[in-house]
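Those protein sequences? They're chains A and B, same order as listed. Take 17 as the starting number for the first sequence in this note's numbering and just add one per residue. Take 18 as the starting number for the second sequence in this note's numbering and just add one per residue.
Keep in mind that the hints are not guaranteed to be accurate.
[As the list claims (entries may be wrong)] Under the rule of at most 30 Å between Cα atoms (straight-line distance), these lysine-lysine pairs were calculated in the DSSO-like manner:
(1) B:K98 to A:K453
(2) B:K119 to A:K694
(3) A:K24 to B:K119
(4) B:K98 to B:K170
(5) A:K694 to B:K182
Think of the hints as simulated: they come from the structure by calculation, not from any bench. Every value quoted in this text rests on a predicted model; they were computed, and no experiment measured them.
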Amino acid sequence: MADQIDTKPYVGQSIERVEDGILLTGRARFSDHQPTVTGTLHAAMLRSPHAHAEIVSIDKSKALAMPGVSAVLTGQDLTEMASAFLIVIKQPMQHYSLAVGKARYVGEPVAVVVATDRYKAEDALDAIEVEYRVLDAIVDPQKATKPGAPILYEEVGDNVVSTREFSYGEPDKAFAEADRVIKLTAPYPRNSQTPMEGFVVNADYIADTDSYDVASNYQGPFTSHPVMALALGVPSSRLRMRVPAFSGGGFGVKVQIFPYVVLMCLCSKVAGHPVKWVEDRLEHLSAAAAAPNRVTEIEAAVKNDGTVTAFRFDQLDDYGAYLRAPMPGPLYRMHGTLTGAYHIENLAVRNRVVMTNKCPSGMIRGFGGPQMYFAIERLMHRVAVELGLDPLDVIRKNLVPAGSFPYRAAAGALFDSGDYQTAVERAVNEGGLEDLKRRRDAARADGKLYGIGYSVVVEPAQSNMGYLSNILPAEERRKNPKGGAVSNATVNVDPLGTVSVTADSLPQGQGHATVLSQIVADELGLTPADISVNMELDTQKDAWSIATGNYSARFSSSTTVAAHKAAVKVRNKVARIASVTLNVPADQLEFADGKIFAANNPENSLKFYRVAGSAHWTPGSLPDDMDPGIRETGTWSPPELEPPNDQDQINTSLTYGFVFDYCGVEIDRDTGQVHIDKYVTMHDSGTLLNPLLADGQVYGAFSWAIGCALFEEFAYGDDGSFLSGTFADYLCPTAPEVPEPLILHMETPSIFTPLGAKGIGEGNVMSTPACLGNAVCDALDIETVSLPMTPSKISALIHAEETPPPAGGAKQAAPAPAGTGRVIKGSGETTVPAAPDEVWRTLLDPDKLAAVIPGCHSLDKVGDDSYRADVSLGVGVVRGRFRASVDMSDMDPPNSVRLSGGVQGPLGASKGAGNVRLKAVDGGTHVTYDYTVEISGKVAAVGGRMLEGAARIVIGQFFQRLVSQVGGKTAAAGTSPAGETLWQRILRAFGIGR
Amino acid sequence: MSELSGTARHNISFTLNGETVSGSAEPRMLLTDFLNYELGLTGNHVGCEHGVCGACTLLIDDNPERGCLTFAVQVDGRDVKTVESLAGREGDLNDLQLAFRKHHALQCGYCTPGVLMSLTAYLEHTPEPNEEELRDMLSGHICRCTGYVGMVKAALDVVEQRKAKA
């Protein structure tokens, strides 16, 4: 009956996800679980232990001879098979999938082994002999710009590889006329949202057609597809990219799979079989991608009433060792919105791209937004403090006025819709700001460190594909103007009239299939359960374009529109077919409840599936000009995404949501720990397509933002050694650390998208670090703070002016010498049951020394007092073979000797020195020793917290073996009741030995 | 446990989700690799391979363990349960799985099997945890998508449901 037809749209409802059943039962096939062809080989990579080193030679012969090994490729091999990757700027900065000539960061792939399984491939890595000549490394972006800094690209001659200056309005005049100029330096750290599933690539070379078939959890944008095809030297139609429906998180990181895709393609070509590679966690943390760390010097020209008349930015963005396309995206993606949520007409900008010896940067969730808003919103807080005004009043005074939308920002962003004032006032009232202020006052009255922070953010979504062309001067851009952003989705109706959807959005957990099913169901009068959505993508079968992918909160304002367009086409076609039978004009038909019926006479109806199926079964009965079958693709590019104009203005994104956050934090005076007392986040993201999923995006962005603000940073030593190679070192927030924020919504539809939706997944990674930074500065009454605000950093700020502890207090760890990485130091003593002469002879006898050194396979005397050894060492589960060199100096037989040297192997490298002193005592020789060792490479990255203990164990083993070598066995006469020898007890007393 | 030779493959047999399975593995083969590559299971996911992230958590003799820190040969003769054991034979979700769907406790779903297995064991011996205790237990898992809000709500929902039934 017509009156029972439910026409309430599914769009806008919090319906449960269609994806969840298969995920919750463990049946979803992520990339590592995709079926592989029998005979598929597996790759493992040898990676540089040095941040900056010339590759003098690579000997792969031993590795090639190992069981199961099919191929070993080096950078040199790649130069003969492939072209260097195209980069965005015109600079001689060659980048291949493997290091060529020199390695520029710890973790850079230097060689790849292809073998019958991953275990055998990793075995063979140990057998590749690489000789490096270590170069000075540069890690700090500001130091990298200075004359005399180590240079990454000699061909460029400068670590700053791109500089651009922009001016909008009259910034110089505004600064000259300002009552005050308020400045801030806002450094933003290097971090990443680190998806739980790493990169996976499965590549198959098809010799017949000289083409490649790749399955990978790549996330787009497909601007990288031509980059890969050109590197491989094939037409892009012969690089088939297939992306599975399920990906274990992306957050922008998986944009940067592409060098590995090319590498696996080449491996397959050489090995003659499909080759699969699964990234491990250390590879991911050290070498996948990091958000660029940025140093922003920002100035505001202000009037005494708090009005800001101009901003001046100096942005130094650190791209690490290679500028992989589409880098430097994060520096330009926000360009149109450089004035934030404020009506500021004057703007000056200098953008510099700097290269350092760190993991190459990438687009990570919010790319460019967290860095930019941390500077803007921290500065606005400073403006209020300096002028003695309330920070929220300064925000209110400068917000883009209601009623001025669409609003053209100074640098070109066209804000589609909004009412920022109402959003702020609603959040103040509904979130209980006055109550929060009372809590703050009460806490402060109790002597607690309590602060309130605010931040406002304009959240862009769906990037203009032309945003990066602003890195070129206007006259160069004119030759090849770039803009737009094409989205695609296809709705297919099969012969039984059931509906399936494919689309170009490559989801990684956002629930795109659910939302698409809602949109298509509404249009066709079906239920979401009636719609089968297949989110796989296949470049040889599906509609795609360069914007295809999952980034810049693209989905809700792009692919949804394409899907809506496709569904409308299907509806129109089905309506035309039905109008003949129902004898009702097509535009007077409605679709609901699985039926098509006359709007004014619902009894006059047909089943949707019957009508739709007829396009297959009886094509002859279709209207004359109608194609048979029903498969409609919606394609869309918003006209507002124009190329940059001659004044360098660019509408960098299509939609602009609004976020207003405030929070209260209490800081533990003793530990420096930041406790989030309350967090309120107001979002106007246009029309919400599925509020349940929208909130999920906010929770997720907020959670990572907590990590960015308080915990996460990729740490490097001054020598470029990487120090955050495990999840015990790179700290992701867990459930106790992430409070539940109060989420508020306002829905001002976008005027540029048919469904009115904007992005929502990135806002909090932009707003929350700044909001927390402001709250901490408020609590501590300090001007600046850098992220992450770890307890050690904050307690140093709290206790900075304390007097030093009295003598006899805990000894401070000595600071690492400049230019070093992970440094371990130690000393100890033991007694050996032999006279000093005998101990001395043992130390100088290669055969005896070989038996004493733990894990020593061979030891050769290569000079009077020089040795080369082949040893196995390990820290925890990370074990490997090293080549060691030891030189003896300052020899005073049999009293003392200085040992110096280094070890080098696939797991890393170290250099160090130690002193050993021997003294005759009753019953033998008293040995004292001390050592200082610097460590880099994998061991430094993963073993930080274990190194000191491991060093003690290895040295303990050395002396245990020395004891038995010089006759300790006879000392077994002194066996204790517990079965220990006397010497074992002594060693144990010194904490060496077990 | 018998002494194993480093290079040889060893026959192992154990109960996996109620059925006996067998195969052979080198001593160094991780249980996660054995389940994934030798047995073709899709539910157990590897997130870090060093025991921190919890994605690979499964039950060995009903105790939650990290699959990535377990060698396949170590489960010879034992009982192993993975996320595939939770739903009924027809694929009908259990109460915990239903609550996860209802409260949007998963996004990409990669860490979810490990979380479900930990919660399954935890709620057996701690049937009525409060939110703080639950969050403390969940701290053994890293989820990058959800901010944990849905997981906590789902688990508390299940606690209430089971209390009502008891």
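Consistency of the hints with the structure:
Between K98 (chain B) and K453 (chain A) the CA atoms are separated by roughly 51 Å; this puts the pair beyond 30 Å, and the hint is violated. At roughly 26 Å between alpha-carbon atoms, K119 (chain B) and K694 (chain A) fall within 30 Å of each other, so this suggested pair holds. Between K24 (chain A) and K119 (chain B) the alpha-carbon distance is near 21 Å, which keeps this suggested pair within the 30 Å criterion. Between K98 (chain B) and K170 (chain B) the alpha-carbon distance is near 24 Å, which keeps this suggested pair within the 30 Å criterion.
Simply put, K694 (chain A) and K182 (chain B) have alpha-carbon atoms about 35 Å apart, too far for the 30 Å limit, and the pair is violated.
In the structure shown, a violation is registered for the earlier hints numbered 1, 5, in ascending order.
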